[in-house]
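Go ahead and model the full structure; you've got the sequences and the hints to work with.
Top to bottom, those sequences are chains A and B. The opening position of the first sequence corresponds to residue 1 in my numbering, with each subsequent residue numbered one higher. The opening position of the second sequence corresponds to residue 1 in my numbering, with each subsequent residue numbered one higher.
Simulated from the structure, these hints should not be mistaken for lab results. Don't be surprised by glycine CBs; every beta carbon is placed ideally from N, CA and C. Any given hint could turn out to be false.
[What the hints assert, rightly or not] Beta-carbon label-pair distances, calculated as ranges:
hint	chain 1	residue 1	chain 2	residue 2	range
1	B	Pro8	A	Glu56	40 to 48 Å
2	B	Leu79	A	Ala111	45 to 53 Å
3	B	Thr20	A	Asp59	37 to 45 Å
4	B	Thr15	A	Thr78	47 to 55 Å
5	A	Gln45	B	Arg44	12 to 20 Å
6	B	Met41	A	Asn31	18 to 26 Å
7	A	Leu46	B	Gly63	40 to 48 Å
[To be verified] DSBU-like, lysine-lysine: derived pairs with alpha carbons at most 35 Å apart:
hint	chain 1	residue 1	chain 2	residue 2
8	A	Lys71	A	Lys42
9	A	Lys71	A	Lys37
10	B	Lys14	A	Lys98
11	A	Lys57	A	Lys71
12	A	Lys98	B	Lys9
13	A	Lys98	A	Lys71
14	A	Lys68	A	Lys58
15	A	Lys22	A	Lys42
16	A	Lys58	A	Lys71
17	A	Lys57	A	Lys68
18	A	Lys42	B	Lys14
19	A	Lys22	B	Lys9
20	A	Lys37	A	Lys57
21	B	Lys9	A	Lys37
22	B	Lys9	A	Lys42
23	A	Lys42	A	Lys98
24	A	Lys58	A	Lys98
25	A	Lys22	A	Lys37
26	A	Lys42	A	Lys57
27	B	Lys14	A	Lys37
28	A	Lys98	A	Lys22
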Amino acid sequence: GENVEQHPSTLSVQEGDSAVIKCTYSDSASNYFPWYKQELGKRPQLIIDIRSNVGEKKDQRIAVTLNKTAKHFSLHITETQPEDSAVYFCAASAGDYKLSFGAGTTVTVRA
Amino acid sequence: NAGVTQTPKFQVLKTGQSMTLQCAQDMNHEYMSWYRQDPGMGLRLIHYSVGAGITDQGEVPNGYNVSRSTTEDFPLRLLSAAPSQTSVYFCASSPGTGVRTEAFFGQGTRLTVV
Numbered sequence: 001g002e003n004v005e006q007h008p009s010t011l012s013v014q015e016g017d018s019a020v021i022k023c024t025y026s027d028s029a030s031n032y033f034p035w036y037k038q039e040l041g042k043r044p045q046l047i048i049d050i051r052s053n054v055g056e057k058k059d060q061r062i063a064v065t066l067n068k069t070a071k072h073f074s075l076h077i078t079e080t081q082p083e084d085s086a087v088y089f090c091a092a093s094a095g096d097y098k099l100s101f102g103a104g105t106t107v108t109v110r111a
Numbered sequence: 001n002a003g004v005t006q007t008p009k010f011q012v013l014k015t016g017q018s019m020t021l022q023c024a025q026d027m028n029h030e031y032m033s034w035y036r037q038d039p040g041m042g043l044r045l046i047h048y049s050v051g052a053g054i055t056d057q058g059e060v061p062n063g064y065n066v067s068r069s070t071t072e073d074f075p076l077r078l079l080s081a082a083p084s085q086t087s088v089y090f091c092a093s094s095p096g097t098g099v100r101t102e103a104f105f106g107q108g109t110r111l112t113v114v
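As structure tokens, this is what we get:
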């Protein structure tokens, strides 16, 4: 099955700086890559996703890049704010509705 | 439109007890799934269903049963609770039109087995 690895496990950034989280996947058939944000005690919520026919996607301060050849994708958050502090999960799907998640990255934005 | 609703939010069980975690969605989604979340391990798929009457195993199915008699409901049954099943459980649903779209999660059930 699909194996998704996520790094780093924790990330501390100064407010206003950028944050980058990287994920690799094992199944070359994977074609959908969502990112979820989970605030403390809350449910995961989709923040951005990308499909395999696209190399990059941006939504305001967040962007995702995908390198199919290397089988890795990354989340970029620019101009970080305190409300960006949360756990972020990457995931991959090979087209059968099943999502395989990374272990998560705890992001802390220091004021 | 309530989205995905899970009950209960918290539960404490004794080892060997059985219980059912309820999950319901009102978005007419075809696909529903159950995940467990443990520290440092992300979300792991327990069971999933691609439509009423159809279920299949995920990554960590042992000790759990599911059924999908209606599109709306997807209960998760713990047959004989063990301390290793202490976790936070999330139910999720997504449209099943063949196009990958967002998975909507319930608010979670925090289960402790003593």
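Hint by hint, here is what the structure shows:
no., hint, verdict
1, B:Pro8 with A:Glu56: 40 to 48 Å, "42 Å, holds"
2, B:Leu79 with A:Ala111: 45 to 53 Å, "48 Å, holds"
3, B:Thr20 with A:Asp59: 37 to 45 Å, "38 Å, holds"
4, B:Thr15 with A:Thr78: 47 to 55 Å, "49 Å, holds"
5, A:Gln45 with B:Arg44: 12 to 20 Å, "19 Å, holds"
6, B:Met41 with A:Asn31: 18 to 26 Å, "24 Å, holds"
7, A:Leu46 with B:Gly63: 40 to 48 Å, "29 Å, violated"
8, A:Lys71 with A:Lys42, "30 Å, holds"
9, A:Lys71 with A:Lys37, "22 Å, holds"
10, B:Lys14 with A:Lys98, "31 Å, holds"
11, A:Lys57 with A:Lys71, "16 Å, holds"
12, A:Lys98 with B:Lys9, "24 Å, holds"
13, A:Lys98 with A:Lys71, "18 Å, holds"
14, A:Lys68 with A:Lys58, "18 Å, holds"
15, A:Lys22 with A:Lys42, "23 Å, holds"
16, A:Lys58 with A:Lys71, "19 Å, holds"
17, A:Lys57 with A:Lys68, "14 Å, holds"
18, A:Lys42 with B:Lys14, "26 Å, holds"
19, A:Lys22 with B:Lys9, "32 Å, holds"
20, A:Lys37 with A:Lys57, "17 Å, holds"
21, B:Lys9 with A:Lys37, "20 Å, holds"
22, B:Lys9 with A:Lys42, "11 Å, holds"
23, A:Lys42 with A:Lys98, "22 Å, holds"
24, A:Lys58 with A:Lys98, "24 Å, holds"
25, A:Lys22 with A:Lys37, "14 Å, holds"
26, A:Lys42 with A:Lys57, "26 Å, holds"
27, B:Lys14 with A:Lys37, "32 Å, holds"
28, A:Lys98 with A:Lys22, "21 Å, holds"
Figure legend: structure checked against the earlier numbered hints; the only hint not met is number 7.
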